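**Student:** Sequence lines, in order, name chains P and G. Heads up, the first sequence is in this note's numbering, so the first residue is 1 and it goes up one at a time. Heads up, the second sequence is in this note's numbering, so the first residue is 1 and it goes up one at a time.
Bear in mind the hints are in silico, worked out from the structure with no lab data behind them. One should not assume that every hint holds.
Taking lysine-lysine and the DSSO-like style, the derived pairs with C-alpha atoms no more than 27 angstroms apart in a straight line are [claimed, not checked]:
1. P:Lys49 x G:Lys14
2. G:Lys9 x P:Lys100
3. P:Lys100 x G:Lys70
4. G:Lys57 x P:Lys100
Far from chain P by the CB rule (all over 12 angstroms, computed), these chain G residues [unchecked claim]:
5. Ile4
6. Lys14
7. Asn18
8. Thr20
9. Asn26
10. Gly63
11. Ser65
12. Ser67
13. Lys71
14. Ser73
15. Pro75
16. Thr77
17. Ser80
18. Thr86
19. Ser103
20. Val110
Values in this document were obtained by computation on a predicted structure and should not be read as measured data. Ideal Cβ placement from N, Cα and C applies to all residues, glycine included.
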Amino acid sequence: AQSVTQPDIHITVSEGASLELRCNYSYGATPYLFWYVQSPGQGLQLLLKYFSGDTLVQGIKGFEAEFKRSQSSFNLRKPSVHWSDAAEYFCAVGLNQGGKLIFGQGTELSVKP
Amino acid sequence: DGGITQSPKYLFRKEGQNVTLSCEQNLNHDAMYWYRQDPGQGLRLIYYSQIVNDFQKGDIAEGYSVSREKKESFPLTVTSAQKNPTAFYLCASSSRYGYTFGSGTRLTIV
Chain P
1 AQSVTQPDIH ITVSEGASLE LRCNYSYGAT PYLFWYVQSP GQGLQLLLKY FSGDTLVQGI
61 KGFEAEFKRS QSSFNLRKPS VHWSDAAEYF CAVGLNQGGK LIFGQGTELS VKP
Chain G
1 DGGITQSPKY LFRKEGQNVT LSCEQNLNHD AMYWYRQDPG QGLRLIYYSQ IVNDFQKGDI
61 AEGYSVSREK KESFPLTVTS AQKNPTAFYL CASSSRYGYT FGSGTRLTIV
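Could you build the full structure based on these sequences and the hints that come with them?
**Tutor:** Now the structure itself:
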């Protein structure tokens, strides 16, 4: 069955520290991969997406993600976290850009001063 | 500006009552989706529609119903058969270029 796993439910990092959020997927084919961010009580905003080509993808707000086919992973990274990055982050997979998505459970990020 | 409008933002209903959540988009997207969000469970697909007058069940359709009479509108009805309806509901639409999400409706059954 298709699934997405985000192993870390909650992560706390210090402002200015680096960040890596993990995402593993199980999918029959090479999926389209997405990272979304959600502020409390809001909808989801797309950070970045991967379809093909360069496996290191740059997104908005200084985020990047790396697709590793051998590990079925699509981890999200940021070199230096800002307090405004505190939010919930979702990894998602789909068959294409516009079809239905399967979401991970989400990782809540807290940033301490 | 193009986008998705979900209304209301907060909704309270008594147990046993049906309630309808509104979702309207002016993006000219063919596909629309309803997701339910619960803490620690991510987003789970309730229903989706790829064209007008057609829709399919998602992973957790029991206790919910939808209609798609117009391209712009995809209302979700939470029926009294839904055992635990208190949740945050997100509507989305998509084209071949990607997804757009609404800002959500928080439904609380009192």
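**Student:** Compute the least Cβ-Cβ separation between G:Ser80 and chain P, then decide whether it is above 12 angstroms.
**Tutor:** holds (26 angstroms)
**Student:** Non-interface claim for G:Thr86: all C-beta distances to chain P beyond 12 angstroms?
**Tutor:** For G:Thr86, whose nearest Cβ neighbour in chain P is about 15 angstroms away, the distance exceeds 12 angstroms, so it holds.
**Student:** Take a quick look at G:Asn18 and tell me if its Cβ sits farther than 12 angstroms from every Cβ on chain P, holds or violated.
**Tutor:** G:Asn18 clear of chain P: closest Cβ-Cβ about 24 angstroms, beyond 12 angstroms.
**Student:** Is the straight-line distance between the alpha-carbon of G:Lys9 and that of P:Lys100 27 angstroms or less?
**Tutor:** holds (24 angstroms)
**Student:** Assess, step by step, whether the Cα of P:Lys49 is no farther than 27 angstroms from the Cα of G:Lys14, and give holds or violated.
**Tutor:** Between P:Lys49 and G:Lys14 the Cα gap is close to 41 angstroms, so the pair fails against 27 angstroms, i.e. violated.
**Student:** Quick one: work out the minimum CB distance from G:Ser73 to chain P and report holds if it exceeds 12 angstroms, violated otherwise.
**Tutor:** holds (18 angstroms)
**Student:** Could you let me know if the closest chain P CB is still more than 12 angstroms away from the CB of G:Ser103?
**Tutor:** violated (5 angstroms)
**Student:** Are all C-beta atoms of chain P more than 12 angstroms from that of G:Ile4?
**Tutor:** Non-interface label fails for G:Ile4: nearest chain P Cβ at 8 angstroms, not farther than 12 angstroms.
**Student:** Quick one: work out the minimum CB distance from G:Lys71 to chain P and report holds if it exceeds 12 angstroms, violated otherwise.
**Tutor:** Given a closest Cβ separation of 15 angstroms, the condition holds.
**Student:** Grab the minimum beta-carbon distance between G:Gly63 and chain P and tell me whether it stays above 12 angstroms.
**Tutor:** holds (19 angstroms)
**Student:** Are all C-beta atoms of chain P more than 12 angstroms from that of G:Thr20?
**Tutor:** Non-interface label on G:Thr20 holds, nearest chain P Cβ at 19 angstroms vs cutoff 12 angstroms.
**Student:** Just want to verify: G:Pro75 was marked as not at the interface with chain P; is every Cβ pair farther apart than 12 angstroms?
**Tutor:** It holds; G:Pro75 is separated from chain P by about 17 angstroms at its closest Cβ, greater than 12 angstroms.
Violation of the numbered hints given earlier is confined to hints 1, 5 and 19; the remaining hints are satisfied by the structure.
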